[in-house]
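Number of protein chains: 2
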Amino acid sequence: MENLVYSLPIFGIIGLLYVAWRSAWVAKQDVGSQKMADIAARIAEGAMAFLKAEYRVLAIFVVSVAILLGVSAGDNSSPLVAVSFVLGAFCSALAGFIGMRVATKANVRTTNAARTGLSKALEVAFIGGSVMGMGVVGLGVLGLGTLFIVYGNLFGTDAQNIQKVITVITGFSFGASSIALFARVGGGIYTKAADVGADLVGKVEAGIPEDHPLNPATIADNVGDNVGDVAGMGADLFESYVGSIIGTMVLGAAFMSADFVQADGMNGLSAVLLPLALAAVGIIVSIIGTFFVKVKEGGNPQSALNIGEFGSSAIMIVASYFIITNILPEKWTFVDALYGGVTREMTAMGVFWATIIGLVAGVLVGLITEYYTGMGKTPVKSIVNQSSTGAATNIIAGLGVGMMSTAIPVLLIAFSIVAAFEAGGLYGIAIAAVGMLSNLGIQLAVDAYGPISDNAGGIAEMSELPKEVRGRTDKLDAVGNTTAAIGKGFAIASAALTALALFGAYMTSAGVGSIDISKANVMAGLLIGAMLPFVFSALAMGAVGKAAMDMIQEVRRQFNNIPALKNALEVMRRNEGKEEHEWSAQDQETFRLADGKAEYGKCVEISTNAAIKQMVVPGMLAVVAPVVIAFLPGMGKEALGGLLAGVTVSGVLMAIFQSNAGGAWDNAKKSFEEGVEINGKVYYKKSDPHKAAVVGDTVGDPFKDTSGPSLNILLKLISVVALVLAPFIR
Amino acid sequence: MENLVYSLPIFGIIGLLYVAWRSAWVAKQDVGSQKMADIAARIAEGAMAFLKAEYRVLAIFVVSVAILLGVSAGDNSSPLVAVSFVLGAFCSALAGFIGMRVATKANVRTTNAARTGLSKALEVAFIGGSVMGMGVVGLGVLGLGTLFIVYGNLFGTDAQNIQKVITVITGFSFGASSIALFARVGGGIYTKAADVGADLVGKVEAGIPEDHPLNPATIADNVGDNVGDVAGMGADLFESYVGSIIGTMVLGAAFMSADFVQADGMNGLSAVLLPLALAAVGIIVSIIGTFFVKVKEGGNPQSALNIGEFGSSAIMIVASYFIITNILPEKWTFVDALYGGVTREMTAMGVFWATIIGLVAGVLVGLITEYYTGMGKTPVKSIVNQSSTGAATNIIAGLGVGMMSTAIPVLLIAFSIVAAFEAGGLYGIAIAAVGMLSNLGIQLAVDAYGPISDNAGGIAEMSELPKEVRGRTDKLDAVGNTTAAIGKGFAIASAALTALALFGAYMTSAGVGSIDISKANVMAGLLIGAMLPFVFSALAMGAVGKAAMDMIQEVRRQFNNIPALKNALEVMRRNEGKEEHEWSAQDQETFRLADGKAEYGKCVEISTNAAIKQMVVPGMLAVVAPVVIAFLPGMGKEALGGLLAGVTVSGVLMAIFQSNAGGAWDNAKKSFEEGVEINGKVYYKKSDPHKAAVVGDTVGDPFKDTSGPSLNILLKLISVVALVLAPFIR
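In the order they appear, the protein sequences are chains F and H. Our numbering applies: residue 78 is where the first sequence begins, and numbers increase by one. Our numbering applies: residue 78 is where the second sequence begins, and numbers increase by one.
Bear in mind the hints are in silico, worked out from the structure with no lab data behind them. Among the hints, a few may not be true.
These stretches of chain F come out as covered by chain H in the derived footprint (C-beta under 8 Å, 3 or more residues) [what the hints assert, rightly or not]: (1) 366–375; (2) 458–469; (3) 495–505; (4) 567–581; (5) 611–624; (6) 729–738.
Computed cross-link-like contacts, EDC-like style, restricted to lysine to aspartate or glutamate with a CA-CA straight-line distance of at most 20 Å [what the hints assert, rightly or not]: (7) K763/F to D765/H; (8) K408/H to E499/H; (9) K643/H to E676/H; (10) K544/F to E750/F; (11) K714/F to E499/H; (12) K544/H to E750/H; (13) K768/F to E666/H; (14) K747/F to D276/F; (15) K643/H to E666/H; (16) K768/H to D765/F; (17) K408/F to E499/F; (18) K747/H to D551/H; (19) K552/F to E541/F; (20) K690/H to D627/H; (21) K763/H to D765/F.
Just so it is clear, CB atoms sit at the ideal spot from N, CA and C, and this is done for glycine as well.
Start from the sequences and build out the full structure, keeping to the hints where you can.
This is the structure:
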């Protein structure tokens, strides 16, 4: 077991070596023309401006919480929990930084590659995404593995001390969650605020086309895609990854704990280290998977990505079998103090099945999500049809699709819970979450590929490249939409299972034997917990509106105060309706002079600050609610368990509902781009049904990009806070 | 105690005597002109057509279920449960019949009274509503009281047999729930289908004005208001009323049961009969309250209603004190087998406080609802403001308001649960539900007053009465909107507490000691339960669309196949833009001939059948889900408890969210009728912001009138089905 412990961080390092190698490869690719390079530089600069502003605020937050954690650490813990916290926050932030950096390099290089062919373009976009993926898993395994070695040597890893080691490591997960909150919620607010600001002042008030460099908010808008879909998604899944591993470690430690006296047959740390071992090997499997992703000219990028993803899943199943049967004893028994002292027989094969259940459930939930949001599928078609009678029926149809889409994913998750529990008790549920996330490296690679392709298309458009280039990036982008939908479903499913793993860990750590909802305070906790996602969603949607107002004011200020911009807008107004080459020479000169004069960074910073300011209230909600329930007279440990269950259940439902409604509305609107037939008549863009569909899409935007995905964080963060609080509650 | 038992039905009879007396009084009032009488007759005829069609289908359903219940009755039950079931269904149906009949008489008489003054008009409308209210509570107490006497004499009411008596009575609640499902869900689908059908074919296609007698669906539309807000609301609260009383009786029986050996100090049936006694006296209190409702000419109808409602609540508090301290012993102890044999000390004062908590919580939740949906209040104003930037922002704002509005009601309900449990254990929670509903008679009177005033205004409009008449009915109607909002909030809160009372009763009846959500199957049950309201809402919204299509086809058929209608439409088209008196004599004659030729009854029947057909799937969901969870391998009793908790929690949230979003959108739209200021500019009807607000209102319609209120039934029905199933589950 000693060897295993010390080998774990090596896998993390291998992941990071992959990151370095592939980043260098991406950087080496040609960026294309000067114009392309300029545009890309602005997006990259904006992305860095976002990170800079975000990390400045975060630093204060992280240091404050770390001091609080260090000071209040009790007997079962150690001030070192603050170190774990800082490290978790740092790793999450670093993963975001790496991902954003490579994504903003890969986008323009994908555009350039698309000038020669589809195959090379796919390669660049996917490898860009894989850097993000491996960065997340590499840092996760390296961080957790190293902390385990250090604290293990410090406190000892025998039955008496292992719980303390893991409690202190829990801070790592809390740190990751805090950054995730900022990245996902703040990022979600940011991206929609930029979107609205760019549209409303730029397009509507000033009359400049979409993605035009004159608009200071345009870059923020493009940055927003990276912020939400690269950094936000990455932080979200980094949190799930770390949370599920730690939750499983806590439950694994129970097998060797003195409280569970008859852990016959368990050899020491086996069950504790298993989740880390699975994650570690998952890095190698993910790297292998990346080599499967190849497409021939004229081939289908979707199948290339599928081969990578399903191929690595298949390898992971085989690898899991060998890892689990090698690490765990064939069977062991223990007296489950949580379940009233029931003697439970555990088997390595049971744990293996639980792992597979998680892995398969994640893929299935993703596919269901794709069905409910995919273009040309029945649900989206029904929204398209309802658009012919106006915006109201479009909205009702979309809400209906979103609500209906909760059914199968919830049944799948419910089935997974029961089956994984049958196979391996609470530990089985937790390991199912680990299984779902075991090949996260390649799953995230596929996710991050989406926004890179999306940006690549935008750059092609702005750089006025030939139509076939845009055709190729469109092909990549269309696949990106599918992978994004699948990724969102997967993120929710993994958040649900991670929250349940943390729920089990909380019970173990707090020493609660049951969470009985027939007790009034538990039922009250359940009700309040279930209410939080509703209030959180309302706050997030309101925040988008307020942040957008700040953005609008900044854009107006620049238009009024920067002479070059003012003059250029004047020129545009004067020459309305004419092509640029028909303008007078002086006008063309004035216009050229304005190029790059907009203060993109300032706009990005304003939007970032607004987003961070607006996310304080919803963020506080997530941290304060469990604290209040934990310490309010009449509530306490078990009521907090009720709160966790409530927020998990209602959060999963609201997340699926909002994400899928938003995704379906989006694709219903996109369906009009190629023309759709409703009752025998074909409708295109700018038709009345299309306008109705645009209303639906606008409603869906904050649903799918802000409030919906933020709920993933809410339910995990509340669970982590509860886990951190556990030793303190009477 | 014997005397008490036999006196209970007398209170029910007093309630029904009030019904007879007041119905006769309403019938004696003058209906006004012939035109008014004709219009009113059509609405009344339509309402009866609805009931006829509904009851025909219901009869088959009730008989089938009754046979099933009778055949499958086991040892703990009796085939007589089928009799209770039929009686419960009958009483609910009869209450609906009484309420609809008097409401469709009171509407036109209110209009006529408004010709002379406000005071008299309020009196007619309110007394009409009070007939509905007393009908519901009178039938509830009479039915339950009689069944208790009959079964008590049959089986005996000693500790050994009391549980059986109550189990058999449970069928009454199941019967009431079944009718409520049809009335609320079917009615909700019906009213919106008629609304859409009347609008789309009548107004848009044929070009006839709203509420015109030529439109066969117009009467259905007016009937719809009665169906939804009188019969639907009545059946909903009849279900809550009966369910909360029975739930409390089950828990009260535990105090004398042999399983709870040390029920020291409890004198026999006291705790079992207390809820019925409270309800019985509540009838008298409600009747007294009705005499407080008086308004002087020029006075405020709202304060008149408030005096009646709050006055009767105050009396009820005093009455409760005497009833409880007289019936219950000052204190008693019992060993609570459910809570692991804890010895619990109960006091009469504790039970009294629990009752008051329920009574007060109901009023407060209603007032909060009024705040979130009331015209001129901040939430509605925010939606109005967001209408200036289009339909999308209006929708987002409305969704945000609906979600945010869940917070305080949920905190209130959570607090009530904890406080009532502290005061009186599970019995305390159940008695809180009874307390909330104890003066239901007058609460329903105020609720039913709303649609009567609404109809009165419509009749004034259609009969072309002078403006001041419409002014008076508008004043009544405005108050009606407020009472409707409060009533909706109250209905949800009472559904929540009733479901919890039934939840406790289920646990006792099934003999489950705890519902531990850390068990995987319970968590799965919780997840699936929480998902049901989402799927149910989606189905209900989809059903509205489909039923509306059936209605549209029927209206088109009548326009094409009834010569008189066809000719009249032709005349209208020919004379477009001219007043009727400018038409040729022959045209006027043709037009007059068409009057009354539309087959309103057929239209109503078609719509009714469509509604009933469309509600089969959502209805089945409510009945099948608990059965499947109860008997699926790996699930069972405790998992079913999880399902109940999940559906209750998520159902309450979704009901508040949808009802309040819908109500707020409605009033945001109505704000434009008198003009609203947005950013310094005043907007009226037909302005762009008003059009955006109309979209929101249309989205809100099925939310607030179909899917939202239907969830009340869903959560109570699932709980009742579980309670009925309880003796059968291993």
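Status of the hints after comparison with the structure:
1. 366–375: Coverage by chain H is violated for the region 366–375 of chain F (0 residues, Cβ < 8 Å).
2. 458–469: That given contact holds, which follows from 4 residues of the region 458–469 of chain F lying within Cβ reach (below 8 Å) of chain H.
3. 495–505: Result for this restraint: holds, n = 5.
4. 567–581: holds (count 3)
5. 611–624: The restraint on the region 611–624 of chain F holds, since 8 of its residues have a Cβ under 8 Å from chain H and three suffice.
6. 729–738: holds (count 3)
7. K763/F to D765/H: Between K763/F and D765/H the Cα gap is close to 19 Å, so the pair holds against 20 Å.
8. K408/H to E499/H: 15 Å, holds
9. K643/H to E676/H: Distance ~13 Å between K643/H and E676/H Cα, so the pair holds.
10. K544/F to E750/F: 16 Å, holds
11. K714/F to E499/H: Distance ~17 Å between K714/F and E499/H Cα, so the pair holds.
12. K544/H to E750/H: With Cα atoms ~16 Å apart, K544/H and E750/H stay inside 20 Å; holds.
13. K768/F to E666/H: 45 Å, violated
14. K747/F to D276/F: 18 Å, holds
15. K643/H to E666/H: The hint holds at about 14 Å.
16. K768/H to D765/F: 15 Å, holds
17. K408/F to E499/F: 15 Å, holds
18. K747/H to D551/H: Answer holds: K747/H to D551/H is near 13 Å, not above 20 Å.
19. K552/F to E541/F: 18 Å, holds
20. K690/H to D627/H: Answer holds: K690/H to D627/H is near 11 Å, not above 20 Å.
21. K763/H to D765/F: 19 Å, holds
The structure is inconsistent with the numbered hints 1 and 13, although it conforms to all the rest.
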